[in-house]
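Chains as they are written, first to last, in the numbering used here: chain A, 146 to 518; chain B, 146 to 518.
Think of the hints as simulated: they come from the structure by calculation, not from any bench.
Warning: the hint list may mix true and false statements.
Each pair of labels, with its calculated beta carbon distance range [said to hold, decoys possible]:
| id | chain 1 | residue 1 | chain 2 | residue 2 | range |
| --- | --- | --- | --- | --- | --- |
| 1 | B | 297 | A | 368 | 57 to 65 Å |
| 2 | A | 227 | B | 155 | 40 to 48 Å |
| 3 | A | 328 | B | 497 | 45 to 53 Å |
| 4 | B | 215 | A | 458 | 18 to 26 Å |
| 5 | A | 249 | B | 497 | 50 to 58 Å |
| 6 | B | 303 | A | 453 | 56 to 64 Å |
| 7 | A | 370 | B | 217 | 43 to 51 Å |
| 8 | A | 458 | B | 267 | 50 to 58 Å |
| 9 | A | 249 | B | 227 | 45 to 53 Å |
| 10 | B | 221 | A | 376 | 45 to 53 Å |
| 11 | A | 420 | B | 453 | 31 to 39 Å |
| 12 | A | 250 | B | 261 | 42 to 50 Å |
| 13 | A | 437 | B | 267 | 15 to 23 Å |
| 14 | A | 497 | B | 148 | 43 to 51 Å |
As the structure is a computational prediction, the values presented were derived from the model and not from experiment.
The beta-carbon is built from N, C-alpha and C at its ideal position, and this holds for glycine as well.
Number of protein chains: 2
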Amino acid sequence: MTSEFTYQLKGQDGSARRGTITTARGTIQTPAFMPVGTAATVKGMLPETVRQTGAEILLGNTYHLMLRPGAELVAKLGGLHKFMNWSGPILTDSGGFQVMSLSKLRKITEEGVSFQSHIDGSRYNLTPERSMEIQALLGSDIQMVFDECTPHPATHEQAETSMELSMRWAKRSKAAFEKYHAPGQAAFGIVQGSVYEDLRRRSIEALTDLDFHGIAVGGLAVGEGQDVMFEVLDFTAPYLPKEKPRYLMGVGTPLDLLGAVERGIDMFDCVMPTRSGRHGQAFTFDGKMNLKNAQYKDDPEPLDPTSTCPAMRDYSKAYLHHLVRTGELLASMLISWANIHFYQTLMKQMRQAIEEQRFQSYAADFRARYQSK
Amino acid sequence: MTSEFTYQLKGQDGSARRGTITTARGTIQTPAFMPVGTAATVKGMLPETVRQTGAEILLGNTYHLMLRPGAELVAKLGGLHKFMNWSGPILTDSGGFQVMSLSKLRKITEEGVSFQSHIDGSRYNLTPERSMEIQALLGSDIQMVFDECTPHPATHEQAETSMELSMRWAKRSKAAFEKYHAPGQAAFGIVQGSVYEDLRRRSIEALTDLDFHGIAVGGLAVGEGQDVMFEVLDFTAPYLPKEKPRYLMGVGTPLDLLGAVERGIDMFDCVMPTRSGRHGQAFTFDGKMNLKNAQYKDDPEPLDPTSTCPAMRDYSKAYLHHLVRTGELLASMLISWANIHFYQTLMKQMRQAIEEQRFQSYAADFRARYQSK
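Just chain A, with the same shape it has in the complex (with noise of 0.2 Å):
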């Protein structure tokens, strides 16, 4: 855990980038997509199997793992890439996200956030000084600073206030950090400020003199729509300093991942290819498909014949589908894994095209494709 953590933008194709982080665990390959480990696991999949997708990096949620199993005992028992079996890079979140929209009777003060517990209702208190100190705990080697994900829609006056206080907790976020963080981890802080381009600004000019190792925007895919994402991305994406990385949190669909690489942007996460996968819903380069539907009975082909990941090549749609229907483990597991390996085929193709100074055509193509159907 010595090496220092580094970002090398390795080219540009208009504004997407292709970039290199580089960890104390190892090395991520941007634009990246981050498979989100809420309790310590990649919901069905083995960590071996969400390694062989193509995954460099997961997401562990500091909110759910201060509850279960706790920050302490995860430290005790060697950090959180030894609890759940993987040696690669982890990026946490603060809880900040989590709190809000999980837990009950929420107090927010100047100090942080006093919260009872979704699961038992025990009260909890979380500050940027805790936050970062469970995620020091965990021993993640990205860290992201406390803050306020300001809810949408918000008046001007609601984004300022609440950015404002994101700014404070983030400069108490990095001093806590300085404090507790191991050799080689990294923080990030995160850009609030809801629609408006002047409070962005404000906001990345504050994080940029508190000189973090990455830059996050948050307080997006909250309810605002694609369009107003991206627009919020056009001008938000300008003003990040060029030598970071840039993170779009809680992001996306696949042709959400397109249009904000597209826009600068280097990191994901999102819940989505897990989620759906549970749900019998299966992403292919042909589209989004609901694998429980009455149309794949009796389809006898796979999800995509030519794919190197064997849920998408080894399983046909109808043994799918029965699975889906029946219930079964299996259903969760086997689409889960396609639904990973999809994303990271998506970010693997992007990385390629901007690296070939041909994103723009191969974004028409995929937009094309997906959606025909």
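For chain A, the structure is supplied; the task is to place chain B on it using the hints.
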């Protein structure tokens, strides 16, 4: 699919038998344990993972598969092996047992059983002829005769009536097998007769006349207890033909397997390793562990650090406890995997002990360690 089904008895240690079954889809070293793939999937496991545990043959359930997705559909899709992506041998049961334990509004006549599906209430008939036709449509390598599993307890008169019906059905099943089966496929008879030696003996005589490829002992593991089961095996096994494989249906716990191998049984199937796995219970050489128990909360040790199975070796009990407590799919996946691996390892060790003429000492050592905690 042209090689003949054969059984070769390679050696004996006391009554314990070491043999090899050859089928068109591969050989099976006996004594063998068959993981159960009820609805065309061993619950929570990929077929290649099942194979990696050492399993050489799976069991499929005619009752479940005839209801969903339907035998004709499986046949249209290329058969059960292709459908579930398992290239090794498969044994199918006849549906007789599940019809009695799962279906609704059953009516048994000389002809067969009419019943309502436990899933959607639709009506079906299952006869010896239809059961064998379904098994041929599924394309299983070993097909079981349709019988009535005599309930326990049963009077001598009840057991006799039931056994005689099963023997008439066995004759019809054999005739139907001859009509429907593909080259290389085998049919097994099933001995009934409850706990009565004279009935078991008469049942074996009836089956011997029909010249099946193997013989199963049915009507056990239905609530009679291990002592009674072993007693029935003690007086039944000596009458079984030595040159054919012997299959004890639906058994059992590790100690059941040990005692039944000791009494000359060659094949087993049971849902216990996967069902227990889904309930957080792990089998190890140190006994059964309920990983939900608080005692494992901070236990850094894996189930078995010396195992070749990743599920037993690479994850701490604390992690498995966490997964069980949080209801994660990975809990079922890892513990089912560990349990199937444990069962296969137990069979492998028993085979080796028989080969080396030390079965009694192996069994004594296993029992002492397994029951020590």
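Hints, one by one, checked against the model:
1. 297/B x 368/A: 57 to 65 Å: Between residue 297/B and residue 368/A, where Cβ atoms are some 60 Å apart, the hint holds.
2. 227/A x 155/B: 40 to 48 Å: At roughly 45 Å between Cβ atoms, residue 155/B and residue 227/A fall inside 40 to 48 Å, so the hint holds.
3. 328/A x 497/B: 45 to 53 Å: With Cβ atoms ~50 Å apart, the hint holds.
4. 215/B x 458/A: 18 to 26 Å: holds (25 Å)
5. 249/A x 497/B: 50 to 58 Å: Check passed, 57 Å falls within 50 to 58 Å.
6. 303/B x 453/A: 56 to 64 Å: Since the Cβ atoms of residue 303/B and residue 453/A sit about 58 Å apart, the hinted range of 56 to 64 Å holds.
7. 370/A x 217/B: 43 to 51 Å: holds (47 Å)
8. 458/A x 267/B: 50 to 58 Å: Once the Cβ atoms are compared, 34 Å apart, the range 50 to 58 Å for residue 267/B and residue 458/A is violated.
9. 249/A x 227/B: 45 to 53 Å: holds (50 Å)
10. 221/B x 376/A: 45 to 53 Å: holds (51 Å)
11. 420/A x 453/B: 31 to 39 Å: holds (34 Å)
12. 250/A x 261/B: 42 to 50 Å: Taking Cβ atoms as reference, residue 250/A and residue 261/B lie about 49 Å apart, which means the hint holds.
13. 437/A x 267/B: 15 to 23 Å: holds (19 Å)
14. 497/A x 148/B: 43 to 51 Å: About 47 Å separates the Cβ atoms of residue 497/A and residue 148/B, which means 43 to 51 Å holds.
Of the hints listed earlier, the one the structure fails to meet is number 8.
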